[in-house]
Amino acid sequence: MISLTDILTLLPESFLTVAICALLLLDLFLKPGQRSITHYLAIAVLGVTGWLVLQHYGAPRAFGGMFVRDGIADVLKVFLLLTTALVFVYARPYLRDRGLFVGEYYILSLFAVLGMMLLVSAGSMVMIYLGLELLALSSYALVALNRDSPLSSEAAMKYFVLGALASGMLLYGMSMIYGATGTLDLDKIHAAAAATPQRGMLLFGVVFVVVGIAFKFGAAPFHMWLPDVYQGAPTAVTAFIGSAPKLAAFGMAYRMFESGLGSVGPYWQQMLAVLAVMSLAIGNIAAIMQSNLKRMLAYSTISHVGFLLLGLVNGQPAGYAAAMFYAISYALTAAAAFGMILLLSRAGFESEEIDDFKGLNQRAPWYAFLMALVMFSLAGVPPLFGFFGKLLVLKAAVDAGALWLAIVGAVFAIIGIYYYLRVVKVMYFDGADDASALPPVADAPVRTLISINALALLVLGLTWGPLYGWCARALGIAQ
Amino acid sequence: MITPKLILLVTALLPLFGAIVAGLFGKRVGRAGAHTVTIAGVLGSFLLSCYALYQLATGGWGVFNENLYTWFEVGNLSAHVGFLVDRLTAVMMVVVTSVSLLVHVYTIGYMRDDPGYQRFFSYISLFTFSMLMLVMSNNFMQLFFGWEAVGLVSYLLIGFWFKRPSAIFANMKAFLVNRVGDFGFLLGIAAVLFWFGSLDYATVFRSADATLAGKTLEIFAGHPWQAATVIGVLLFIGAMGKSAQVPLHVWLPDSMEGPTPISALIHAATMVTAGIFMVARMSPLYELSETALSFVMIIGATTALFTGLIGIVQNDIKRVVAYSTLSQLGYMTVALGVSAYSAAIFHLMTHAFFKALLFLGAGSVIIAMHHEQDMRHMGGLKKYMPITFITGWIGTLALTGFPGFSGFFSKDAIIEAVHESHRFGSGYAYFCVLTGVFVTALYSFRLIYLTYHGKERFVVEHAPQAHAAHHDAHADKHGHDDHAYAGHGKNEHAHDDHGHHAPGHLEHAPHESPWVVTLPLILLAIPSVIIGWLTIGPMLFGDFFAGAIVVKEGGPLAELAHHWHGPWAMLLHGLMAPPFWLALAGFAVATYVYMFNQSIADRAAKMFAPLYRLLQNKYGIDDLYFAVFARGGLKLGRGLWRGGDVAVIDDGLVNGSAALVGRIAASVRRVQSGFLYHYAFAMILGLIVLLGGLWMAAR
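Protein chains in written order, with full-length UniProt numbering: chain B, 1 to 479; chain D, 1 to 699.
Hint data in this document are derived by calculation from the structure and do not stem from the laboratory.
Take these hints with a grain of salt, some might be off.
What the hints assert, rightly or not - One-sided excerpt, in silico: chain B residues whose CB lies under 7 Å from chain D:
#: 1; residue: L41
#: 2; residue: I43
#: 3; residue: V102
#: 4; residue: V161
#: 5; residue: L162
#: 6; residue: P221
#: 7; residue: F222
As the list claims (entries may be wrong) - With beta-carbon atoms standing in for the labels, derived distance ranges:
#: 8; chain 1: D; residue 1: C50; chain 2: B; residue 2: L391; range: 40 to 48 Å
#: 9; chain 1: B; residue 1: A164; chain 2: D; residue 2: A647; range: 49 to 57 Å
#: 10; chain 1: D; residue 1: R669; chain 2: B; residue 2: A164; range: 54 to 62 Å
#: 11; chain 1: B; residue 1: L391; chain 2: D; residue 2: R669; range: 26 to 34 Å
#: 12; chain 1: B; residue 1: Y418; chain 2: D; residue 2: L13; range: 44 to 52 Å
#: 13; chain 1: D; residue 1: R669; chain 2: B; residue 2: L151; range: 13 to 21 Å
#: 14; chain 1: B; residue 1: A164; chain 2: D; residue 2: A658; range: 38 to 46 Å
#: 15; chain 1: B; residue 1: D433; chain 2: D; residue 2: E73; range: 35 to 43 Å
#: 16; chain 1: D; residue 1: R669; chain 2: B; residue 2: R147; range: 27 to 35 Å
Just so you know, these numbers come straight off a predicted model, no measurement behind them.
From the three backbone atoms N, C-alpha and C, an ideal C-beta is built for every residue, glycine too.
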């Protein structure tokens, strides 16, 4: 029985769905030269959706508990939308220069956003699966956006096959859990899991669910798709799938593990600890060898996922708050990092090799400075945003009694600094092959926004209290 | 509302303001602006200090003790910025600001052509501020900050000509040696905090007796030390560094690498006396430990005699005065050691004036000699620079304790006090201070004769006729530009541009320094003569320092007070006392040797060659430190670098782990083959590992 409250609770998602359909129809009637209308409307849709998220209509639960609306969902949705909007702005010149400035990019991305919003609000395993598939299918298509590029197609293919495998495992795990507890509702699973007679089956299911979620995160050893996809996809798409979905992955992990499987916490926490260490090791070490910046950022993502998992291992509200803070800081920083690549690329030039940044300081000192800020934040150098994320998750690991995990994290954080600083070194200390000033780059909105984005990393690093406070309140930690 | 608080605050902050203006806006305000603002600041500070002293001396103000600003409060510990101003403080304030003021004025002349003019003024004003904060402090924390701040400015100024390697060396030496002292000082403050739980002077002094009674500390097992002794000795180690007492004295002679004005201000009159002031301020603590006071006295006596002896064989005019400073600081320390704190402060005051006078006089000579400092190339300067000559004589008479001059009263009082003392080691101290009088006279008059009297041992290269014209051109050059200095930042070389290279060869005859140099000389000569006569009564034998300085019953000064019948009586008594005759003997020897029969000096040097060498080598202490600590430190550092850093850390940990990381990375890269089935296989493998782990855990 659908009530008005249910609709109101789902208002942002409902609006987004209707808007996407409308945009899809409208786009059909636009001439190629009018594509900017889709662009601006897409951003406007994101803005309105975000505004609706911040309004408190409706109830905490809708559709019989299928849909949950709480502080965590709201915070994650706001940053999902914000990050996506940033990526839209950064992507426009890039897409235009390559003949990829098509409505599909926006429609698919918006559908992915819708999937992510449902994912972070899931109250049932069905909802998780639906949201995930909506996100995943949109992403596969997005990666293949540049159909004529063999690299993109190969990446999309790999992504799709491995994604299907992971989805299968997730679904299989869910069915096991259903078998053990007799319910799909996460809250009921939470209650039933503690006392189920079918404990073996439940834990067997948990392993498969962990694998499915780890794949979505890109945690080692389920990370193999990530470097190939990041490198193969058009940078505009990489920027999208490299930033916002990490927030959704955190939301999914929180719903599945805490809301659903919280009563068997120690089991999945141990598995996540193992995955965290592997991700930290493989991500950081492999990143050192990369000469392609997008690929390096892919491995860097894997290492960041390792840090994020440290917060989840904690299994307490403070740990989740730390992980959420980390996810937000990572999403904003990654958006800026890919934004810089997008900004410096132009027709016929991708600017995705680390060598392309050689001597950037001579050619465009301001962008070199912004890029340095981004790299320092990713490396976790105080006082930038990334540092406090790392600090909080390491603290969460220590509080969880996993001191060894925190030490591993700190060691790999130090190893990680190497490859971020290499970018800075290349920009500031290497001579450019072509020392002339950069040709005027991108549009004014892009230039302004990337500056704001990168500087925000500094500002949020200096005043990280309010944001963390928001995360902590969302998880019900009294400040 | 003009309150004492406001007045004192302004007193302290005026020099800081000057320092900031001259330091940060030096380019904008220019040379004249820099010296105007700093001199105005210090002048204001001086006048307010005099007012404060007047109010305190006449009873207009009570003792001012107030916290002005709370820095932090953690648990029981609180740190404040506060002032404790009593008569002791006020005397120090007047001494510091007056000498500082005159040195500021003098600097206009001395540093006229230096490119670092504004920087210099900024430093000396900053120094004045730091020194005021040190003496006005009402707690140990601020004392330490002031202590380090004056040290900092001192290092900055020793290395002021930072392109000169010897200045850098001296700078580093001063810094390192002071580290040793400051380490002890900090431990002493920590000990105070440990036993008293407070860093506030008033709290500590009030409860000193009760708190420390019976408290001991076993530094070596089985040898308990009295708490008061531990505190006293540790704090005094700080004073040994700052006030250059044996064996931490080695930095002071080298500090002469700095410009002469700061040698006068920092390394003679004020900063080096911070240790003396500190011990006097801590008299309530020191009175609790005979052992600590004996230690102080023996160190002081050793310094007084043995550094004075080195002064006899020095040829650099500034170094002679520097060794004389060491020796006089030793006298003050001895006075502290026999509980004659007032006498130490009294000598500190008189010494500040006459030693600043001697230093500035030496500086005046150095200007005239075109930055030649070797006395063997001087002589006969009295006819060229009469004012410097006369004031030099006044300063020397004061230093040697000629009856009636200020030094006579202060030094005689110390010697008498040592004579009265029955503390362990006072016999040795008495011997040292008495012999020291002879030595002081010897090196002082040697300096006077070698510099001002006798034959001219320098050559003026230009004919007198050409000289006048050239001189004008030369002066013009100095007046209008300083190109000669611009490229060097180093004084001697600047003069090389004018064409004299060999030592003792001057381009034109020496002449009297400008008025900005001679005026401070005259103004310092006046107190050098009269201040002792005027103030000995109240300061030493009256109750001027009552409350500020605590002495147990029956201190030597109380004993002396019984025989005190005014300065006239002391003067007459002094004429019959051994110090006077010893000084006279020193004078006679110096006169005979350096005025009439100079060959004796050379023959004596040959005859007592080992002794002469010993003095030349400064007892080998510098060499010892250099060989053991400096070279040992370097060796240790190199050893650690080779063995620890290069072998273990660089090759093992850093490069080793980097190589390891590289190898792992290469293999990870191989696994990332690009083949889909490899990727899927990895996922399945991961799944199996997790399942296996679960199975292991669940079993």
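Which numbered conditions among the earlier hints are violated in the structure presented, ordered from lowest to highest? 1, 2, 3, 8, 10, 15
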